[in-house]
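2 protein chains.
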Amino acid sequence: MSGDRGPETCVPAALAVACEHPDVEFTLVGREADRPADWRERAPRNAAWLAASEVVAMNDHPREALRHKKHSSMRRAVDLVKARTAHACVSAGNTGALMATAHFVLKMIPGVERPAIASWIPSRSGHTFMLDLGANATATPAQLRQFAVMGSALAEDRSAAPGPRVGLLNIGEEDIKGDETVQKAHELLSASGLNYVGFVEGHDVFGDDVDVVVTDGFTGNVALKTMEGTARYIAQAMREEFTRGAMRKLGALLAAPALGALRSRLDPRRYNGASMVGLNGVVIKSHGSADGFAFQRAIEVAVAEARDDLPARIAAKLDAPAVT
Amino acid sequence: MSGDRGPETCVPAALAVACEHPDVEFTLVGREADRPADWRERAPRNAAWLAASEVVAMNDHPREALRHKKHSSMRRAVDLVKARTAHACVSAGNTGALMATAHFVLKMIPGVERPAIASWIPSRSGHTFMLDLGANATATPAQLRQFAVMGSALAEDRSAAPGPRVGLLNIGEEDIKGDETVQKAHELLSASGLNYVGFVEGHDVFGDDVDVVVTDGFTGNVALKTMEGTARYIAQAMREEFTRGAMRKLGALLAAPALGALRSRLDPRRYNGASMVGLNGVVIKSHGSADGFAFQRAIEVAVAEARDDLPARIAAKLDAPAVT
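Chains U and C, in that order, give the protein sequences.
One rule links them: number in the numbering used here = place in the first sequence (from 1) + 130.
One rule links them: number in the numbering used here = place in the second sequence (from 1) + 130.
Keep in mind the hints are simulated off the structure, nothing from the lab.
Some hints could be false.
Identical chains blur together in the list; that is why a pair holds if it fits in one copy or across any two.
Here are the simulated DSSO-like cross-link-like pairs (lysine-lysine), alpha carbons at most 30 angstroms apart as the crow flies [claimed, not checked]:
1. K200 with K307
2. K307 with K237
3. K307 with K199
4. K447 with K237
5. K307 with K379
6. K212 with K199
7. K212 with K307
8. K199 with K237
9. K447 with K379
10. K447 with K212
11. K447 with K314
12. K200 with K212
Given the structure is predicted, the values throughout are model-derived calculations rather than measurements.
Modelling step: build the complete structure from the supplied sequences, incorporating the hints.
Structural data, given as structure tokens:
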């Protein structure tokens, strides 16, 4: 157990979710020292503690963590998924180390070359799934097609609607724009059998014309962080304008119900829990700085994906049997 | 004269700016039919009309426009800059055609391989300049260094503060992340003599740690459109929350001063007017859908860059004489 806030945040969040899902078994993996003193009294029947001797630090180099921390809580949690003792694992720890460990231990679904990070983004029509959000710095056309298949399976799974509309992120909607990679990926996707709607642009993620937006990890990560930056910038501007003098503060007080509803609606914690797709197992990455509410959302994502066996669905979509 | 709104919007905006700058000569280039019937009465002394026989349409292919529309208003406006009859040109028309025409007619500043589109983005510290926003789909490390030099000159020019802090957009702040291109560009920038602060991420554009953010045109364009999409999404959510029932509407009324100030502060029209940098001449691209207020801002950007002779400053920074 790691993350910026550590076990103090993760443990109570996990126990809360365990109470909400009595039919699901939860294993908390962490150092013995991190187990709460009152564990026996607090833990529900369906929660167990598995002791690990060390923890991957947030600033450990992914390769070093993989090589030298074979008894870390992260490694042991992923090993549980490999052994099918667990159906999913969730971590708020070091993203690179989690990706490297999961890739090494679980291996890829046949037909997928690289894992991708996928998440949902709020949109006018509900939400859009976007990938890759940073697992890889580059992607080949074939890999972009694989991302599209995985994103499609994910969207189908979560929305329970068949044939999600898949778009390829580009800098113009005309067929002539973009570099060679997106042009070739466009050809592959047009012939993929997916419900491919063609090129989409950065603002389309929030619209209602597409359910899955596919891009390379560099562009996807920049887009995601740009969204976060824009939202934070606007939130700060709002705070400033609503606290500029007594009259403005009074206005804010009277507008409190609308402002509160807006805050809750745009709360990024609601969208916590990114899926590392393409692996032979469900691995969910929580934001490192997630608080209890946010971490619970990430665990809920893991429960949903495990129930639906997303890796098997992806494998089926790729027309190759899952190696599990 | 083109753009989504055409001369009905551009002409009054240009005449308004002409009245504000009696020391600047304005030439409006458009078809005779587009000249207002009451031109003689309305135009101030420092505004002239130059007739063009045709106009580049918003959906013309850039190469076709360049080849076959040599008497278009766009081409004639750029020709004026080439002939030094004008010090800058502004267009709300077809971006690709403007870029192709300006590139062909004006040529590049020695030492710059490709033009880039640069714009300012509001940030906590005032604003950040970002480039390339979509002139090119890809960029080599050497071109990213050239973008950095141009962005630095632009920021210095507009902010009148020497040594603007330049950051390179990447998906992590650690030196190990990102693909080969950004890694090599990082090396070039570290040795460039610019005030290079290293890698920055998508959210840093809005922070106060960097003045110029450099990236390739694909990533920059996606980031820009993602910002626009996020802002529009939040604005719509605000409208919805503030109109949900009578009490909410009353709250909005009482919060009107703060909401109005917020709207004006975040108004994207204030940031209209992107610079096509790297050319031997000042060329400003207005958003195609710009209204009069926004188009005036784009003309103001052109006036400022022409006064400061930005191309000469860029050439000086590149240690090569400007060919003008």
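How the hints compare with the structure:
Taking the shortest alpha-carbon separations for K200 and K307, only the inter-copy value of 24 angstroms comes in at or below 30 angstroms, while the best intra-copy value is 47 angstroms. Taking the shortest alpha-carbon separations for K307 and K237, only the inter-copy value of 22 angstroms comes in at or below 30 angstroms, while the best intra-copy value is 35 angstroms. Proximity of K307 and K199 under a CA criterion of 30 angstroms is satisfied inter-copy only: 21 angstroms between copies versus 46 angstroms inside one chain copy. Taking the closest pair of Cα atoms, K447 and K237 come within 30 angstroms of each other only inside a single copy of the chain (18 angstroms); across copies the shortest separation is 51 angstroms, beyond that limit.
Taking the closest pair of Cα atoms, K307 and K379 never come within 30 angstroms of each other, the shortest separation being 48 angstroms inside a single copy and 44 angstroms across copies. Proximity of K212 to K199 under the C-alpha cut-off of 30 angstroms is restricted to the intra-copy arrangement: shortest distance 17 angstroms within a copy versus 64 angstroms between copies. In this assembly of identical chains, the alpha carbons of K212 and K307 lie at most 30 angstroms apart only when taken from different copies (28 angstroms versus 43 angstroms within one copy). In this homomeric assembly, K199 and K237 come within 30 angstroms of each other (Cα to Cα) only inside a single copy, at 18 angstroms, whereas the closest approach across copies is 57 angstroms.
Taking the shortest alpha-carbon separations for K447 and K379, neither the intra-copy value of 54 angstroms nor the inter-copy value of 48 angstroms comes in at or below 30 angstroms. Within a single copy, K447 and K212 get their C-alpha atoms as close as 22 angstroms, which meets the 30 angstroms cut-off; across copies the closest is 57 angstroms, which misses it. Within a single copy, K447 and K314 get their C-alpha atoms as close as 21 angstroms, which meets the 30 angstroms cut-off; across copies the closest is 38 angstroms, which misses it. For a Cα distance limit of 30 angstroms, the shortest separation of K200 from K212 inside one copy, 14 angstroms, qualifies, whereas the shortest one across copies, 66 angstroms, does not.
The structure does not agree with the numbered hints 5 and 9 stated previously, though it agrees with the rest.
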